[in-house]
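Peer 1: Here's the letter readout for the chains.
2 protein chains.
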Amino acid sequence: MEVTVRWQGKRAFEAVGPSGHVVRIDAAPEVGGEDGGARPMELLLMGAGGCTGIDVALMLEKMRLHLERFEVRLEGERAEADPRRYTRIRLHYILEGPDLTHEKVVRVIDLSRRVYCSALHSLNAALEVRYTLNGETRDLPPDAS
Amino acid sequence: MEVTVRWQGKRAFEAVGPSGHVVRIDAAPEVGGEDGGARPMELLLMGAGGCTGIDVALMLEKMRLHLERFEVRLEGERAEADPRRYTRIRLHYILEGPDLTHEKVVRVIDLSRRVYCSALHSLNAALEVRYTLNGETRDLPPDAS
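From first to last, the protein sequence lines stand for chains D and C. Under the numbering used here, the residue at position 74 of the first sequence is numbered 74, and the numbers go up by one with no gaps. Under the numbering used here, the residue at position 10 of the second sequence is numbered 10, and the numbers go up by one with no gaps.
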């Protein structure tokens with residue numbers, strides 16, 4: 001996988017990879033940017049959320065379970081000192097669907113987290129996972145499977 | 001930092017964070033997607049490249065050094081077995097500008113890599129760094145500073 005990030009002046013960049021979809025990146029005005037695109041640290045969480053989201057949507061589809069609504073919220077906690085990396089990421093999966101059960105939802109989230117999700121495994125942050133299924137929120141224990 | 005990744009059907013998601021810039025994510029058709037957005041693993045490299053790119057552009061601006069062209073190419077090498085995380089990332093900085101010297105370019109790239117870049121430090125891959133300054137390519141040694 002190769003990506004090119006091209007400078008557009010000041011703090012702005014345009015990024016493009018093999019898919020051809022251009023992503024604009026910029027810093028906030030308070031650090032000299034012009035807010036012309038997403039922040040780099042947002043893109044890391046978006047990549048992680050998209051990766052595990054695709055895993056979960058794919059596995060539920062294979063199980064022929066219908067999703068009515070699905071989102072993943074990711075909260076990244078950063079170190080206080082430079083380089084201020086993500087030390088902990090809290091993932092919250094929110095799912096709605098009439099056929100979904102806690103057992104099946106725990107199974108697919110755990111498989112993504114433990115086995116399949118390339119992006120989550122590419123980050124060196126600790127993970128905390130919880131989910132809300134049809135309005136009921138539960139933590140996903142580290143040894144869910 | 002909190003980001004929400006919302007499912008749009010099949011393998012498609014829309015991601016948004018505090019900046020408000022929406023990033024579309026989708027899988028390739030060969031894995032059930034519709035190519036409606038960037039791949040999650042592209043976003044990780046884009047975030048890393050944008051982060052170190054902003055660092056370098058900012059430091060050169062502070063040093064009053066004029067950039068005529070600047071891009072960062074990132075090549076991610078992945079593990080063969082699931083979860084196929086990035087094990088190694090090769091960064092190639094390409095810079096053009098009449099006032100730039102090898103010494104100054106090495107200094108700012110090394111400061112970003114070692115001290116400032118939150119996104120690079122949030123990834124657990126090994127890094128290999130080289131740069132091309134006004135057409136001349138050199139490796140950046142791990143102990144550049």
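The hints are simulated quantities; they were obtained by calculation from the structure and are not laboratory data. One or more of the hints may lead you astray.
Any copy, or any two copies together, can satisfy a pair, since identical chains are not distinguished.
[Unchecked claim] DSBU-like, lysine-lysine: derived pairs with alpha carbons at most 35 Å apart:
hint, residue 1, residue 2
1, K62, K104
2, K62, K10
3, K104, K10
Peer 1: If a hint holds in the structure, say so; if it doesn't, say that too.
Peer 2: Hint by hint, here is what the structure shows:
In this homomeric assembly, K62 and K104 come within 35 Å of each other (Cα to Cα) only inside a single copy, at 12 Å, whereas the closest approach across copies is 54 Å. Only between protomers do K62 and K10 lie at most 35 Å apart by alpha-carbon distance; the minimum there is 11 Å, versus 46 Å within a single protomer. In this assembly of identical chains, the alpha carbons of K104 and K10 lie at most 35 Å apart only when taken from different copies (19 Å versus 48 Å within one copy).
In this structure, none of the earlier numbered hints is contradicted; all agree with it.
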